[in-house]
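Letter by letter, the chains look like this.
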Amino acid sequence: MAVDLRIKEHPILEFKRGPKVKIYYGRKKIDAYEGETVGAALCAAGINVFTRSVKYHRPRGMFCAIGKCSSCMMRVDGVPNVMTCVTPVRDGMRVEPQNCFPSASHDLYSIIDRLGFKFPAGFYYRLITSPRSLSALYLKLIRPLTGMGKFPTANRGFKPMTKSEQRETEVAVVGAGPAGLSAAIHAARLGCRVTLIDENHRLGGQLIKQTHMFFGSKEYFAGVRGIRISEKLAEEVKQHENIEALLNTSVVGLYEENVLGIVQGNKFATMRAKKVIVSTGAYEKTLLFNDNDLPGVMGAGGVQTLMNVFGIKPGNEALMVGAGNVGLIISYQLLQAGVKVKGIVEAVPRIGGYFVHAAKIRRMGVPIYVSHTIKRTWGRRRVEGATIVQLDDRWKEVEGTEKDIKCDLICISVGLKPTYEFLYQAGCKMKFISELGGHVPLRTKNMETSVKGVYIPGDTGGIEEADTAMVGGKIAGISAALSLGYGDKEAEEFREKAIMELEDLRSGPTSARIRSGIEKALIEEG
Amino acid sequence: MVSDYEKTGVITLKDLEGKIPPPERFKKEPVAIVECTQEIPCDACIPACPRKLLSMKNIISVPSLDFDKCSGCAICVGKCPGLAIFIVDMCKAPKGKAWVTIPYEFLPVPEVGSIVRALNREGEDVGSAKVVKVARLSKEEKTALVTFEVDEKLAMEARALR
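From first to last, the protein sequence lines are chains A and B. Per this note's numbering, the very first residue in the first sequence carries number 920; after that it's consecutive. Per this note's numbering, the very first residue in the second sequence carries number 112; after that it's consecutive.
No lab work stands behind these hints, which were simulated from the structure alone. Among these hints, one or two may not hold up.
Listed next, the in silico DSSO-like pairs over lysine-lysine satisfying Cα-Cα at most 27 Å (straight line) [as the list claims (entries may be wrong)]:
| hint | chain 1 | residue 1 | chain 2 | residue 2 |
| --- | --- | --- | --- | --- |
| 1 | B | Lys264 | B | Lys244 |
| 2 | B | Lys253 | A | Lys1259 |
| 3 | A | Lys927 | B | Lys244 |
| 4 | A | Lys974 | A | Lys987 |
| 5 | B | Lys163 | A | Lys1416 |
| 6 | A | Lys1137 | B | Lys253 |
| 7 | B | Lys250 | A | Lys1151 |
| 8 | A | Lys1204 | B | Lys118 |
| 9 | B | Lys253 | A | Lys927 |
| 10 | A | Lys1294 | A | Lys1348 |
| 11 | B | Lys250 | A | Lys927 |
| 12 | A | Lys948 | A | Lys1069 |
| 13 | A | Lys1232 | B | Lys253 |
| 14 | A | Lys1439 | A | Lys1204 |
| 15 | A | Lys1364 | B | Lys168 |
| 16 | A | Lys1193 | A | Lys1348 |
| 17 | B | Lys130 | B | Lys118 |
| 18 | A | Lys1294 | A | Lys987 |
| 19 | A | Lys1137 | B | Lys163 |
| 20 | A | Lys1261 | B | Lys130 |
| 21 | B | Lys250 | A | Lys1137 |
| 22 | B | Lys206 | A | Lys1416 |
| 23 | A | Lys935 | B | Lys253 |
| 24 | B | Lys264 | A | Lys1259 |
| 25 | B | Lys180 | B | Lys203 |
| 26 | A | Lys1350 | A | Lys1439 |
| 27 | A | Lys1137 | B | Lys203 |
| 28 | A | Lys1439 | A | Lys1336 |
| 29 | A | Lys935 | B | Lys203 |
| 30 | B | Lys118 | A | Lys1294 |
| 31 | B | Lys180 | A | Lys1259 |
| 32 | A | Lys935 | A | Lys987 |
| 33 | A | Lys1151 | B | Lys125 |
| 34 | B | Lys180 | A | Lys1137 |
| 35 | A | Lys1325 | B | Lys118 |
| 36 | B | Lys118 | A | Lys1322 |
| 37 | B | Lys118 | A | Lys1315 |
| 38 | B | Lys118 | A | Lys1261 |
| 39 | A | Lys1137 | B | Lys130 |
| 40 | A | Lys1336 | B | Lys118 |
Please take these sequences and the hints and turn them into a complete structure.
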């Protein structure tokens, strides 16, 4: 019987799948459902090795599942290097692995990986030049063994970019997560014309994967599940006549005088905005350990996407790395999806996330190993287990404390860092503030950066929670509207109140680091 | 200072001192046990209580319950995002037994009358339990409120089931 890892019954979620379609992976026929991505369908069919890496032909599978890494790039309908994790399936689609012979799971060229002693990392094939007379032959032989796939054979799906058009808007909001949605709503409520741009096919950002009830204040959906919050905010955005939402659209640059470069399919356009709210959120960090690129090692967001958006079991036995809120919450969600969680390792000597999240999984029998880290993982084509080791108070491994854990999924949730590139390019003054997760723009208490008219609510300005992102969005949205002449005294008071709310949310002992980080990032008005 | 439960994820009765009503209170009426001891920004339970018995100074403080007036209606159990509120009932349960109500978000939801295993805060099997009631706050609500019967001495120990 064909493998089908789709979740049929879930305690919280209902998965509505579209009509059944067929796609081809090499010669294998695979069942998929409309609305799924190619990567998700492959995972559901139990395919671990999607393709092979560029140089050492190491197995590559799903990692981030949101189009941020290059692990799942395959040849789709004759076009190389397609990110299969964000490409929707279509009936009859042909998906092929790259850089392998005869197949991705059994690749003869992977012998190169075994010869690592001869070809260390950083080695470049063009350096094989002696004897000189044979170097041309070497190149000819080696070239096909490496590289980023073969040239496209089909025109389908590949068209050159069409000529640009110029658009205009009052407030452009980049990123439709909790901060962006909230900013768009509050700016629009005061009368601004708002354009909300997101690269995904639906509104909500990471909220659409959050099945747990949210903390926070009663004014901001405390006790409501993230997925419902996202539905409510998205509904208001769709209903509001002042907001235009551009989905499947990437912003590729923020230029002088608030001109945005946007790409929609194969169309490039520029958009002149009076105010720009950058709520692009954050990236996941990853961790260094032996064989951390094996299929089955996944980012926390990827695990959530597979499990909570597409309803696909990401593995059978999981090891979680990181006991922050994200690690704790996803461990609980894994249990709900029917995955056995073998343990959580955390390098710090205490649990980073909220105690109540930890208690939820502890009482289901999941151990938490504080002062432990993952040392290596093993397995041929997918993770088969991992070795964890205790750390002493100077972060050194304690000899003799290695412990082997059998698992087929390793979920990495070791924190997030703000998406800062965009703001650097825009010329915002930036600073590395470790308490906020990395490079962040300096900002006023109204969320405005050193570049006039550019605002940064949410994780872009420092890693926090969805509730602080929503309050931040409100402050940014109102500020943008006020500076455009919309709103009155009442709106100003409303903003002051929101600033107070944000301070309240950050007033607890769990937010001590955030407070000190924000202090370092604050600049004066004007 | 780091409390032990911040290392283990397991709270002890000592950590809960002052949050548990005196023994004679248990004999009067069912009561909510709020196992929330860390100052985090959350006040979801405050509007949940229909009789306004839960209170906190500000959003980050720890909730306190006026347990003399609490009737153990369990609405807060289904509303706490931390799943940290439980109901202990020693009145309706037969002598020597206690009823414990927990929020439950797994499948399958146990059926009334079925015998399950009770787990403590570390997930250890502490004895058998009989499911006496399964409820939901509303049709849309996904969190089930499962009430099971255990030995009286497990009333403050059993916090999950399998």
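Hint check:
1. Note on Lys264/B and Lys244/B: the hinted pairing holds, with a Cα-Cα distance of about 20 Å set against a maximum of 27 Å.
2. For the proposed pair Lys253/B and Lys1259/A, the alpha carbon gap of about 21 Å is at most 27 Å, so the pair holds.
3. Taken as a hint, the Lys927/A and Lys244/B pair is honoured in the structure, with Cα atoms around 26 Å apart against an allowance of 27 Å.
4. The straight-line distance between the Cα atoms of Lys974/A and Lys987/A is roughly 20 Å, inside the 27 Å bound, and the hint therefore holds.
5. With a CA separation close to 25 Å, the supplied pair Lys163/B and Lys1416/A stays within the 27 Å bound.
6. For the proposed pair Lys1137/A and Lys253/B, the alpha carbon gap of about 19 Å is at most 27 Å, so the pair holds.
7. Note on Lys250/B and Lys1151/A: the hinted pairing holds, with a Cα-Cα distance of about 18 Å set against a maximum of 27 Å.
8. Our distance criterion of 27 Å between C-alpha atoms is met by Lys1204/A and Lys118/B, whose separation comes to about 23 Å.
9. Restraint check for Lys253/B and Lys927/A: the C-alpha separation of about 16 Å stays at or below 27 Å, so the hint holds.
10. At most 27 Å may separate the alpha-carbon atoms for a hinted pair to count; Lys1294/A and Lys1348/A exceed this at roughly 38 Å.
11. For a cut-off of 27 Å, the pair hint linking Lys250/B to Lys927/A stands: about 20 Å separates their Cα positions.
12. A distance of roughly 23 Å separates the Cα atoms of Lys948/A and Lys1069/A; the hinted pair therefore holds under the 27 Å criterion.
13. Proposed proximity of Lys1232/A and Lys253/B is supported: the alpha carbons are some 20 Å apart, at most 27 Å.
14. For the given pair, Lys1439/A sits about 22 Å from Lys1204/A by alpha-carbon distance, which is consistent with the 27 Å threshold.
15. Of the supplied pair hints, the one linking Lys1364/A and Lys168/B holds, its CA atoms being roughly 25 Å apart against a limit of 27 Å.
16. With a C-alpha separation of about 20 Å, the suggested pair Lys1193/A and Lys1348/A falls inside the 27 Å cut-off, and the hint holds.
17. Among the hinted pairs, Lys130/B with Lys118/B is consistent with the structure: their alpha-carbon atoms are about 21 Å apart, no more than 27 Å.
18. A C-alpha spacing of about 25 Å is found between Lys1294/A and Lys987/A, which places the hinted pair at or below 27 Å, so the restraint holds.
19. For the hint pairing Lys1137/A with Lys163/B, the CA-to-CA distance comes to about 14 Å; that is within 27 Å, so the pair holds.
20. Proximity of Lys1261/A to Lys130/B is assessed by CA-CA distance (about 32 Å); at most 27 Å being required, the pair is judged violated.
21. With a C-alpha separation of about 21 Å, the suggested pairing of Lys250/B with Lys1137/A holds against the 27 Å cut-off.
22. Of the pairs offered as hints, the one joining Lys206/B and Lys1416/A is violated, with about 53 Å between alpha carbons and a cut-off of 27 Å exceeded.
23. In summary, the hint linking Lys935/A to Lys253/B is supported, as the alpha carbons are separated by about 17 Å, within the 27 Å threshold.
24. With a C-alpha separation of about 30 Å, the suggested pair Lys264/B and Lys1259/A falls outside the 27 Å cut-off, and the hint is violated.
25. Simply put, Lys180/B and Lys203/B have alpha-carbon atoms about 17 Å apart, close enough for the 27 Å limit, and the pair holds.
26. Using a Cα cut-off of 27 Å, the hinted pair Lys1350/A and Lys1439/A holds, with the two alpha carbons roughly 9 Å apart.
27. Between the alpha carbons of Lys1137/A and Lys203/B the distance comes to roughly 33 Å, so the proposed pair goes past 27 Å and is violated.
28. Of the supplied pair hints, the one linking Lys1439/A and Lys1336/A holds, its CA atoms being roughly 17 Å apart against a limit of 27 Å.
29. Straight-line distance between C-alpha atoms of Lys935/A and Lys203/B comes to about 42 Å, which puts the hinted pair past the 27 Å bound.
30. For a cut-off of 27 Å, the pair hint linking Lys118/B to Lys1294/A stands: about 21 Å separates their Cα positions.
31. Of the pairs offered as hints, the one joining Lys180/B and Lys1259/A is violated, with about 41 Å between alpha carbons and a cut-off of 27 Å exceeded.
32. Straight-line distance between C-alpha atoms of Lys935/A and Lys987/A comes to about 26 Å, which keeps the hinted pair within the 27 Å bound.
33. Proximity of Lys1151/A to Lys125/B is assessed by CA-CA distance (about 41 Å); at most 27 Å being required, the pair is judged violated.
34. About 23 Å separates the Cα atoms of Lys180/B and Lys1137/A, which keeps this hinted pair within 27 Å; it holds.
35. With a C-alpha separation of about 24 Å, the suggested pairing of Lys1325/A with Lys118/B holds against the 27 Å cut-off.
36. Restraint check: the Cα-Cα separation between Lys118/B and Lys1322/A comes to about 19 Å, which is no more than 27 Å; the hinted pair holds.
37. Under the criterion of a C-alpha separation no larger than 27 Å, the hint pairing Lys118/B with Lys1315/A is consistent with the structure, at around 19 Å.
38. Pair hint Lys118/B plus Lys1261/A holds up; C-alpha atoms about 18 Å apart against a cutoff of 27 Å.
39. For the given pair, Lys1137/A sits about 23 Å from Lys130/B by alpha-carbon distance, which is consistent with the 27 Å threshold.
40. Among the hinted pairs, Lys1336/A with Lys118/B is consistent with the structure: their alpha-carbon atoms are about 25 Å apart, no more than 27 Å.
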